[in-house]
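Participant: Next come the chains, spelled out residue by residue.
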Amino acid sequence: DAGVTQSPTHLIKTRGQQVTLRCSPKSGHDTVSWYQQALGQGPQFIFQYYEEEERQRGNFPDRFSGHQFPNYSSELNVNALLLGDSALYLCASSLELRVGSTDTQYFGPGTRLTVL
Amino acid sequence: GENVEQHPSTLSVQEGDSAVIKCTYSDSASNYFPWYKQELGKRPQLIIDIRSNVGEKKDQRIAVTLNKTAKHFSLHITETQPEDSAVYFCAATPTGNQFYFGTGTSLTVIP
Chain E
1 DAGVTQSPTH LIKTRGQQVT LRCSPKSGHD TVSWYQQALG QGPQFIFQYY
51 EEEERQRGNF PDRFSGHQFP NYSSELNVNA LLLGDSALYL CASSLELRVG
101 STDTQYFGPG TRLTVL
Chain Z
117 GENVEQHPST LSVQEGDSAV IKCTYSDSAS NYFPWYKQEL GKRPQLIIDI
167 RSNVGEKKDQ RIAVTLNKTA KHFSLHITET QPEDSAVYFC AATPTGNQFY
217 FGTGTSLTVI P
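Going down the list, the protein sequences come from chains E and Z. Its first residue numbered 1, the first sequence is counted upward by one per residue in the numbering used here. Its first residue numbered 117, the second sequence is counted upward by one per residue in the numbering used here.
Take these hints with a grain of salt, some might be off.
To be verified - Heads up, simulated EDC-like pairs for lysine to aspartate or glutamate below, C-alpha to C-alpha not over 20 Å straight-line:
1. E:K26 / E:E96
2. Z:K184 / Z:E118
3. Z:K138 / Z:D200
4. Z:K174 / E:D103
5. E:K26 / Z:D165
6. Z:K158 / Z:E195
7. Z:K173 / E:D103
8. Z:K173 / Z:E195
9. Z:K174 / Z:D200
By construction, these hints were calculated from the structure, which means they are not laboratory data.
Please put together the full structure from these sequences, using the hints given.
Facilitator: Structure (structure tokens):
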């Protein structure tokens, strides 16, 4: 049973560039959430995708956008990179249960983004 | 939105002793509280979780307690071992979608 996978593992970009990060959810999961984890901090919620739509969004600017594909995999895009975007980007997958029910989120290994 | 506070930020214990990490939350609608362990350079891994209709849950050496009235929940690790050394994060969610994480506790178990 494949767990959550992410690519690439590391990425170095310069300010102003754009980046795309990829995530494949755990087998059987249909919901993907993205988090940003700065060094020494807890993960901060960016957004969640379900049924190919952004369902909920955290306090992140529009430079952060995403997409979910029919096979439930997802991409996170960040435009006009800033130095402060340097962080570990985590993808978490879960299974949508009945409305109002919460399922566990399982994390991928993350993509370490460095902006120079 | 929800605000989760976690204490202490660092914790050192002797091998075999117990460790307790506490979190408070602000949104009374939060109904699910997972705990994650993150080793250096690794992904956060779920170690235990509790839902709002339960006051306590135990899994071998790990237990979590929840006090909904006071809006706090705690992680208890008994008989600590060196491999328990890691950063531990608590989280809460009122919607099941957006998880709010604490700032983490760096646990060191001294052999």
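Participant: Next, verify each hint and record whether it holds.
Facilitator: Quick rundown of the hints versus the structure:
As the CA atoms of K26 of chain E and E96 of chain E are separated by approximately 13 Å, the hinted pair is consistent with the 20 Å bound. Distance restraint check for K184 of chain Z and E118 of chain Z: the Cα-Cα separation of roughly 14 Å lies within the 20 Å cut-off, and the hinted pair is therefore satisfied. A hinted pair counts as satisfied when its Cα atoms are at most 20 Å apart, and K138 of chain Z with D200 of chain Z qualifies at roughly 17 Å. Distance hint between K174 of chain Z and D103 of chain E is fulfilled; the C-alpha atoms sit about 19 Å from each other, no more than 20 Å.
Proximity of K26 of chain E to D165 of chain Z is assessed by CA-CA distance (about 19 Å); at most 20 Å being required, the pair is judged to hold. Proximity of K158 of chain Z to E195 of chain Z is assessed by CA-CA distance (about 24 Å); at most 20 Å being required, the pair is judged violated. Proposed proximity of K173 of chain Z and D103 of chain E is supported: the alpha carbons are some 17 Å apart, at most 20 Å. The hinted pair formed by K173 of chain Z and E195 of chain Z meets the criterion: a straight-line CA distance of about 17 Å does not exceed 20 Å.
A distance of roughly 16 Å separates the Cα atoms of K174 of chain Z and D200 of chain Z; the hinted pair therefore holds under the 20 Å criterion.
Violation of the numbered hints given earlier is confined to hint 6; every other hint is satisfied by the structure.
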